[in-house]
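Position chain B against the provided structure of chain A, taking the given hints into account.
Protein chains: 2
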Amino acid sequence: MSSLRGIQQPELSKKLYKLIKTENHQVSAYETASRESQSVASQLSEWGETQDDAVSDISDKLGVLLAEIAEQEDLFAQHLEDSRGVLKQIRNTESSVQPTRNHKTRIQDEIQKLKYKEPTSTKLVTLEQELVRAEAQSLVAEAQLTNVTRQKFKEAYDLHTAAIIERAEKQIMLAQQARRLVNLLDDTPTVPGEERPPFENSEAAREVLNDAEAGLRNYSPSIEPIHSAAGRLGVNAMPGSIEQEAAQPRIMQQAEEIVQSPQQETMGRGGQVPYSTSETSYVAA
Amino acid sequence: MSSLRGIQQPELSKKLYKLIKTENHQVSAYETASRESQSVASQLSEWGETQDDAVSDISDKLGVLLAEIAEQEDLFAQHLEDSRGVLKQIRNTESSVQPTRNHKTRIQDEIQKLKYKEPTSTKLVTLEQELVRAEAQSLVAEAQLTNVTRQKFKEAYDLHTAAIIERAEKQIMLAQQARRLVNLLDDTPTVPGEERPPFENSEAAREVLNDAEAGLRNYSPSIEPIHSAAGRLGVNAMPGSIEQEAAQPRIMQQAEEIVQSPQQETMGRGGQVPYSTSETSYVAA
Numbered sequence: 189m190s191s192l193r194g195i196q197q198p199e200l201s202k203k204l205y206k207l208i209k210t211e212n213h214q215v216s217a218y219e220t221a222s223r224e225s226q227s228v229a230s231q232l233s234e235w236g237e238t239q240d241d242a243v244s245d246i247s248d249k250l251g252v253l254l255a256e257i258a259e260q261e262d263l264f265a266q267h268l269e270d271s272r273g274v275l276k277q278i279r280n281t282e283s284s285v286q287p288t289r290n291h292k293t294r295i296q297d298e299i300q301k302l303k304y305k306e307p308t309s310t311k312l313v314t315l316e317q318e319l320v321r322a323e324a325q326s327l328v329a330e331a332q333l334t335n336v337t338r339q340k341f342k343e344a345y346d347l348h349t350a351a352i353i354e355r356a357e358k359q360i361m362l363a364q365q366a367r368r369l370v371n372l373l374d375d376t377p378t379v380p381g382e383e384r385p386p387f388e389n390s391e392a393a394r395e396v397l398n399d400a401e402a403g404l405r406n407y408s409p410s411i412e413p414i415h416s417a418a419g420r421l422g423v424n425a426m427p428g429s430i431e432q433e434a435a436q437p438r439i440m441q442q443a444e445e446i447v448q449s450p451q452q453e454t455m456g457r458g459g460q461v462p463y464s465t466s467e468t469s470y471v472a473a
Numbered sequence: 189m190s191s192l193r194g195i196q197q198p199e200l201s202k203k204l205y206k207l208i209k210t211e212n213h214q215v216s217a218y219e220t221a222s223r224e225s226q227s228v229a230s231q232l233s234e235w236g237e238t239q240d241d242a243v244s245d246i247s248d249k250l251g252v253l254l255a256e257i258a259e260q261e262d263l264f265a266q267h268l269e270d271s272r273g274v275l276k277q278i279r280n281t282e283s284s285v286q287p288t289r290n291h292k293t294r295i296q297d298e299i300q301k302l303k304y305k306e307p308t309s310t311k312l313v314t315l316e317q318e319l320v321r322a323e324a325q326s327l328v329a330e331a332q333l334t335n336v337t338r339q340k341f342k343e344a345y346d347l348h349t350a351a352i353i354e355r356a357e358k359q360i361m362l363a364q365q366a367r368r369l370v371n372l373l374d375d376t377p378t379v380p381g382e383e384r385p386p387f388e389n390s391e392a393a394r395e396v397l398n399d400a401e402a403g404l405r406n407y408s409p410s411i412e413p414i415h416s417a418a419g420r421l422g423v424n425a426m427p428g429s430i431e432q433e434a435a436q437p438r439i440m441q442q443a444e445e446i447v448q449s450p451q452q453e454t455m456g457r458g459g460q461v462p463y464s465t466s467e468t469s470y471v472a473a
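Residue numbers (my numbering), protein chains in the order written: chain A, 189 to 473; chain B, 189 to 473.
Hint data in this document are derived by calculation from the structure and do not stem from the laboratory.
Check each hint, because a few of them may be wrong.
Each pair may be met inside one copy or between any two copies, as identical chains are not told apart.
Result set (DMTMM-like, lysine to aspartate or glutamate): computed pairs, CA atoms no more than 20 Å apart in a straight line [claimed, not checked]:
(1) Lys209 to Glu219
(2) Lys303 to Glu444
(3) Lys276 to Glu199
(4) Lys311 to Asp297
(5) Lys206 to Glu237
(6) Lys206 to Glu234
(7) Lys209 to Glu269
(8) Lys209 to Asp270
(9) Lys202 to Glu237
(10) Lys202 to Asp240
(11) Lys305 to Glu316
It should be emphasised that the depicted structure is a prediction, and the values quoted were computed from it without experimental measurement.
This is chain A alone, in the form it adopts within the complex (with noise of 0.2 Å):
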């Protein structure tokens, strides 16, 4: 069904539309992985019970650390999905520029038509005061759609691999104390009616939870940052010193000099122009 709705996505939107929703099935799939991890853990610990005392003090403690490694699965899960947020932050922008991309065509459409079929048609001035007007709404759109994809992808890769590095750095920790503590029990053979000595690492396997869980406190992650220079970025996606009244000037020349230019007649079918326009929210914010 969801399937459905990603047809009517616009088209420029469509392939970040689709990953999303895979992004959406990547984060339930660790969401599941964290749950059958905790359910295994659990299971160690209760056929551990069956156990002699050895194995039994194991197996609990094993349980203990393989379920805080399955935390660690689900706090994974909900990065991703924080990191995918961000990813939706450039979807909308890129859904609400595709009006302003279809308005400039259309226009550039009926201008053609009209020169072609009246040229000397009056309406044709008009078309063309449109034509600059939607240019100059593309120029600001195609601005606000490059800063805010290259300044959220940064955003959104900056927190998918922090959480790769964190919950790796993590389970690293609580599976080396997991060695130590399988370490502690000795699988040396016994032969038909010895008794095995009693379990005397008791207090070793206790202290290895306590190191583990004094690791998870002290934990803090080893990244180098990511660096953004898009903190000027304003709330209009335009970086911050840049007044949208004062810059709106300059802004309706450009457009008149593109639509004025040559190549203007070429370019046609708003594809792939290096910028093209906006929904009024954002020239307005």
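Chain B alone, transformed into the frame defined by chain A:
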């Protein structure tokens, strides 16, 4: 449907049977996570194709790194499956010990009944001889069970924790390279009509991929070994030095002592007796 089969498992191996079944779901969840992450990676690259040169190049290469991270997720699932296979060996031994326990309990029950109904029956002597043999078998089986359990438990969680560490170490390396890559994208905001300077980090981006590849190629895990003293375990799941035939008279004598000891009466129902009996396949091995 598989839960019905679970009910038919011998009591002794039920808990481990359940754990192994849940681990199957866990493995599947990681396989799904890997698949979805692969899709996300290639959809990122496809989206990038519609973007400007800089975003296109960075997102394409980021897709390559994310695909490699997804690949590690699948390798992790395979390693979990290996660990799961080792746990099955404990479960199989548990299942094979069950009939021996049942056999001993049945003889004990018969003796109790006969002592009450026909205390002078000559059949009692035969039954007690049978019980000594069952007890001897039991001593062997329980020794085998504890030997196999401890050895395979350590082996299984050696594999399991090593898998966590390997995935984590490789993914940290890949995520760090991914962050280097993302940092190559300039997100300085532009003003309408302003062209972005041409992308000059193409070579640096290529280098990131090369470094990531080299990192994977030269990877070696940094884990503390898990020690095992079970290396001497023979095919009969006994210490290698024990020769079954030489040990037989000693085991029979111990079995007799156990059967004739006063607490034998009270122990009765075969449950958590320190050592109980084995499949012929084990004794014969």
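Checklist line | Numbered hints the structure breaks, given as an ascending list | finding: Violated: none.
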